[in-house]
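> Spelled out, the chains give:
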Amino acid sequence: MKFFCSSAQRSPMAVSKRIIWMTGILLAMLIILGPIYLLVKYSISDGPSITTGGKPIPFWPLHPTLSVYGYLFSDRHFYAVLGNSVLIALMTVACSMLLGVPAAYILGRYKIPGRRIVLLGIISVRLFPDIASVIPIVEFFIFVGAHQTYMGVILSHTLLALPYVIFIGMGAFETIPHELEDQASVMGANRFQTFYSVLVPLAVPGLAAAAIYTFLLSWDEFIFAYFLTFGRQEMFTLTLYLNGLKYAEPQNLLAATSVCLSIPVIAFSMLVQRYMIAGISSGSIK
Amino acid sequence: MADVVLKSLMKRYANHVVADRLTLTINDGEFVTLLGPSGCGKTTLLRMIAGLEKVDEGEIVIGGRRYTDLPAQKRNCAMVFQSYALFPHMTVRNNIIFGLRLKKVAPIKIEQKLTWAMNMLHLKGLEERLPRQISGGQRQRVALARALVLDPDVLLLDEPLSNLDAALRETAIEELKNIHRKVGTTIIYVTHNQIEAMTMSERIALLNNGRIEQYDTPRQLYDHPATIFTAEFVGSPSMNFFKGEISIEGRTAGVRTSIGFLRLNKDRSQRIMSMEGKEVTVGIRPQNIYYVEHVAQRRYTDANIELVIELVENMGDRSLIVGKDSGGTLVRFMVTREEELLPGRTMRVFIDGRSIHLFDPLLKLNIFRRDGTI
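Line by line, the protein sequences give chains A and B. In this text, residue positions in the first sequence follow the working numbering: the first is 1, and each later residue adds one. In this text, residue positions in the second sequence follow the working numbering: the first is 1001, and each later residue adds one.
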C-alpha cells in the first residue's frame, strides 16, 4: 500500500495537473491581454511600424513615440468629450444607486403584492435590444423635452442600468440576516434608520459591484447617447467621439483614444473595488 | 421596569396555532422563563411582546400601556437574540450606543451609560473591536450590554446562552442572575434548557403547543407537576410512567401497577380512599427510586421490587440504571455508585411513597391539586 501512496507515484499526477492549469491560465491571459497589448502598441507606433510596405508588422514599434497622445491632448474638443463622459457616467451611477438601492431593498426583503410583476416590468427594459427600444424611448424623451440635454442621456443610461442595480442589490440585501433588522427595530430604529445605518453598510460589497457595472455601462453606451445628443458635437461622449475618428489621420489616433477611454474605467473600478471585500457581515451571527 | 400582562393571545401560521388563548402575568422586576420543547411557540411569544410579530387576537399590556398594535421601535423593550445579532460593521462601542443615539440621549449621558455597561459586563478595553474580533462569550455580553443601556421596561432574552460552551454557560448564568439583582429589570427568558430555567427564574411558564401547561416557581414545577406533560418535561432523566389502578390493601389506599402494589404516604392515602378502582397514570422520578442497600431495609421490606439490570448509563457522579421487572416493565432509576451493578444482575429497589405522582389518564392532570383538593 505504501508504494502506491509514495510521493514518487503522486507527483507526476500533480505536475501534469499543474501544467494543464498553467496552460489554461496563460491562454486566458493571452485572450484578455492580447487586445490590450495591440491597442497600446498601435497607439505608440510610428508611421513605418504601421505601414510597413509588405514587410511583417513588428511586435514592438521600431521607434516608439507618444506623439499621437500629444496630438490628442491638444484637441480641445477631446477634453470636452472626456468631461461629458465622466459627468454622464458618474451621474448615471448616482441616479441608478439612488433609485435602485431602495427598490432592491424593498423588493428583496418584503413580500409585497405584485412583486413578481414589478420585477418583470423592471427586467423588460432589457428584453429588447437597445437598437429596437431606442426609437420609442428617444421619441418619448423628445416629447418631454429631454432631448439634447445631459439629463436625457443620464436618464436613458439610468434606465438601462437600473435592472442590474436592482437585481444585484436584491442579492446583496438577501444575504443580510433578518435578525439584524429585527434587532435595530427593537432598539428603536424606524425602517429608514435601519436601512441606512445597518442594511446599506452591510450591502456595500454588492452595491460596489453594481456601481462599477453601471459606470462601465454608461461609459460604453453608444446608441442612446448618439440619438439623444444628435447633432450637438459639444455634448458628445467618448464613444461618439471615437465614432468620428473612424477614418481620421494619423491612423493610430483611434488606438490612442481607446487607451484613454479605458483608463478612467480602470481607475473607477480600482477605487470602488476596495469596498467589495467579502465577509463584511461575519461575526454578527454566533 | 414594568409589569407585563398577556391577555388571551392568539397567533396562527397557516394551519398551525402557535399561541392559543395564552394568558400570562409577569410582575414588575420578575425573572420569568418561557420553557418548552422546540416549536412550542415560546420564541414567537417573545417576538410578539417585542413587536416583531403581529398578534391575531388578544392584548399585550406592559406597565399599564397597551402595546398590542405598537410597532417594535416604539416599545421600550430590549431583546437579545440567540445569534446576538451584533451589527458586524460597528465597533463594540457603537453597537452598545446605537439605541441611545437613536433615542437622542445627551452625549454625556451616553458616555456614562457606556462606561457603566462596559464595567458591569467586563468589556473594558474592547470598545474599538469589531464583533468578529471578539470571542463568543464577549459577543454575548456585548449583546446584553446593548440591551441594558436602554433601560428597557422589559428585557427579552431568546436563548442567549445556547451558543456558549458548558463552562462559559455556567458563568453566564451566574452573571445574568447578578445583573438581574443589580438592575432589577423585568426579564422574560426563553429557553428549552430546563437547567437554565430552574437555576435562574423566579417563575417558569411551561409552554406546550401554544398553551401554558403550568406557570409556577421552579420548585413547585418539579415537586407538584400539574399535568403529565410537565411531569415528563421537567426533571432529568425524565419520569417513569406506569399504568395503575387505585386499590385498597388493609387499611391504606395505594396503586396497583405492573410492578406491584405501591403504597402512598398516609396523608395522600386518605385522600384517594374514595376512588377505589379508578385508573391512573403513575409517575415516579428516577431520583425517588432507591437501591435497597441504601435505605434502612427493615422499615421498607414491603415496598421492595425486584429488577434485572438491563442497562447502566454513567452520568458522572451518578448512574442511570434501566431495570426490568419479572413482568417486563422497564424502570429507570439513579444510583450513586455503579461498581458492581452490571447488566444481568438482579437487584432490589424501594419506591418512596411520598414521591409518587398520580395523574388522570384522560384529563392528563395531577389528581392531587396543589390546594389539596382532589
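If you are wondering where the hints come from, they were derived from the structure by calculation, not from laboratory data. Cβ atoms here follow ideal geometry from the backbone N, Cα and C, with glycine treated the same way. Be a bit skeptical, because a hint or two may be false.
Now the stretches of chain B that chain A is said to cover, found in silico as 3 or more residues with beta-carbon under 8 Å [stated by the list, open to error]: (1) 1046-1055; (2) 1099-1113; (3) 1247-1261.
> Hints first: check each against the structure and report whether it holds.
Hints, one by one, checked against the model:
1. Evaluation of the coverage hint for the segment 1046-1055 of chain B: fulfilled, as 4 residues show C-beta separations to chain A shorter than 8 Å, against a requirement of three.
2. Counting residues of the segment 1099-1113 of chain B whose CB lies closer than 8 Å to any CB of chain A gives 3, so the stated coverage by that chain holds, three being the minimum.
3. Counting residues of the segment 1247-1261 of chain B whose beta carbon lies closer than 8 Å to any beta carbon of chain A gives 0, which falls below the threshold of three, so the coverage claim is violated.
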